[in-house]
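Novice: Each chain, letter by letter, is given below.
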Amino acid sequence: MSVRRSLPYLLLVPSVAYLLIFFASPMVQAVGLAFTSTTGEWGLSSLSAMVSDDRFWPAVWTTVILLVVLLPIQLALALVMSMIVTGRLRGKGFWLYVFLLPLGVSELGAGILWYSIFVEQGWLNTVLQAVGIVDRPVLWLDYREPWRVIGTIVVAEAWRSTSLLVIILVGGLRAIPRDYLEAADVFHAGQWQRMRHVVLPMLRPTIRTALIVRVVLAFEVFATVIALGGTATDTLATQANRAYTEFQDAHLASAYGLVILVVSLVAVGIVLAALPTHKERGE
Amino acid sequence: MRRVLAYGAAVLLAGWILVPIWFVVVGAFSTADSVYSYPLAAWPDWSLESMRFFVTSAGVPQALLSSVVVALLTGVLTLLLAAPAGYALARFVFPGASAYRLTVLATRAFPVVVLSIPLAVFFLQWGIYDTVWGVAFMHTALALPFVVLMVAGVFAGVPVDIEEAAQIFGCSRVGAFRRAVVPNAAPGLAAAGTFAVLLSYNEVFAASILTLQEPTLPVFVLTGLTQAPLPFRYAGALFLLAPAFLFILLIRKRLIGVGGPTLR
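Protein chains in written order, with the numbering used here: chain A, 1 to 283; chain B, 1001 to 1264.
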């Protein structure tokens, strides 16, 4: 092969080699770890230890419920934010900056931020009491009320991780050719019709991408959960972390990792099936 | 009327983002008495007491230093690996280019939880467990897929004409790259590197698995979180939030579309 022909491949070598060492090989190793016991024998003992843990199923459900509640809220928020950023308002640079700010905020930073709001003597109770909605502070982070705690995590995650959807959706909105929008105007389409029949269908592949990215990340929700729920609320990622940092059991931790991987792939499959592209629908 | 509605929505959503940030700023820059008072005051007794308490706490300076070192290593490593790949994607049409793109993006479908645990085992064997290098290697693997695509976009934005012009005027291929492409691509490359730095500074799960005695700042704050007094927590949160204000300002326009249309 001539130098010219092989040059692009040579340029790809460093990144491919890196991803093989630091990505592919640990991935294979993870499967090996999950299917061996702490003494190194092959088998399902790590997996069965995981499933028989009292906190396993609650962690699964909390993780799934978080995602199911969070995703529609985020998508709606992100759509409105993206419309504002790509619309005809003044100060677009400012709105974009503000809407993207949480993208740079760590999970833990956001968790503590919302802790200061939801803690008993925090901002939410201060405001609610000042307005007269409640007479005394509400225990939002009460560990005996898992639903309430999950609600606070949903709010914190909606605040933190919607920006990611915004950057993807804004990219998609900008890619919609002007002609289509002008055609809609020529035919006197109202704002709603234009949205329903032009913008959303054109945005479909982008929405799909955004959902996939978000779904995968949602199964890794970790520091926000610890900041708000302490040790009382578990997700799959907090359980995996505990398995490694507290019990020093890489096998159990990898078993949790595999569960996260499997549910992520299932969820991605659901998104792909729910939002087929035109090509896949045979149009 | 519609305009008013749109501005209303914009202001409301900006408030949703900014008001909570204000709360944490208040918490970090007020006296312990204000932090523990109830009801809280939106304009407290301002003071550097909490921040001073945080930065002088045992372990915080080292953790902050670790975080900065890890983030810088990640930024440099990621750029070194991503720049050639991004250039190849932007300038050459070759079989396998789209397969490469897709594979790189698909790596992000695999959760960090799965990766970090075997890497901890490897790093123990290689003797880089609990070092800044180990964490930086992991963070580089996380940032690389996004940064490759950002960098490809940056190089694609530098017109091929100026590279050819440089070659016509006697530059070698490498010389043309160095003198014509690099200066034009520099701001974009810096933005891509900044993205990697920010991702690393914020990452907590992998860093908590891969460190023990030498935690990064988020790991240090997380480990002591349940016992930490409120002023410590809020000052810590401010440290975790602060880089976002500057970095997002610098790179906001370059972030648009990362991983978006390319995944179609």
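Just so you know, the hints here were simulated from the structure itself, not pulled from any lab data.
All C-beta atoms, glycine included, are put in the ideal place defined by N, C-alpha and C.
Just so you know, not all the hints are guaranteed correct.
Simulated restraints, written as ranges between beta carbons of each label pair [stated by the list, open to error]: (1) Pro-177(A) <-> Ala-1041(B): 22 to 32 Å; (2) Leu-181(A) <-> Pro-1044(B): 27 to 37 Å; (3) Leu-139(A) <-> Ala-1042(B): 44 to 54 Å; (4) Leu-1065(B) <-> Gln-121(A): 29 to 39 Å; (5) Asp-179(A) <-> Ala-1106(B): 58 to 68 Å; (6) Arg-1178(B) <-> Gln-121(A): 27 to 37 Å.
Sample of chain A residues lacking proximity to chain B, with all beta carbon distances greater than 10 Å (derived) [said to hold, decoys possible]: (7) Pro-14; (8) Gln-29; (9) Ser-37; (10) Gly-40; (11) Ala-49; (12) Phe-56; (13) Glu-107; (14) Tyr-115; (15) Gly-122; (16) Pro-177; (17) Met-195; (18) Ile-270.
Novice: Could you check the structure against the hints above and give me the numbers of any it violates, in ascending order?
Specialist: Numbers 1, 2, 3, 5, 6, 7, 8, 13, 14 and 15, in rising order.
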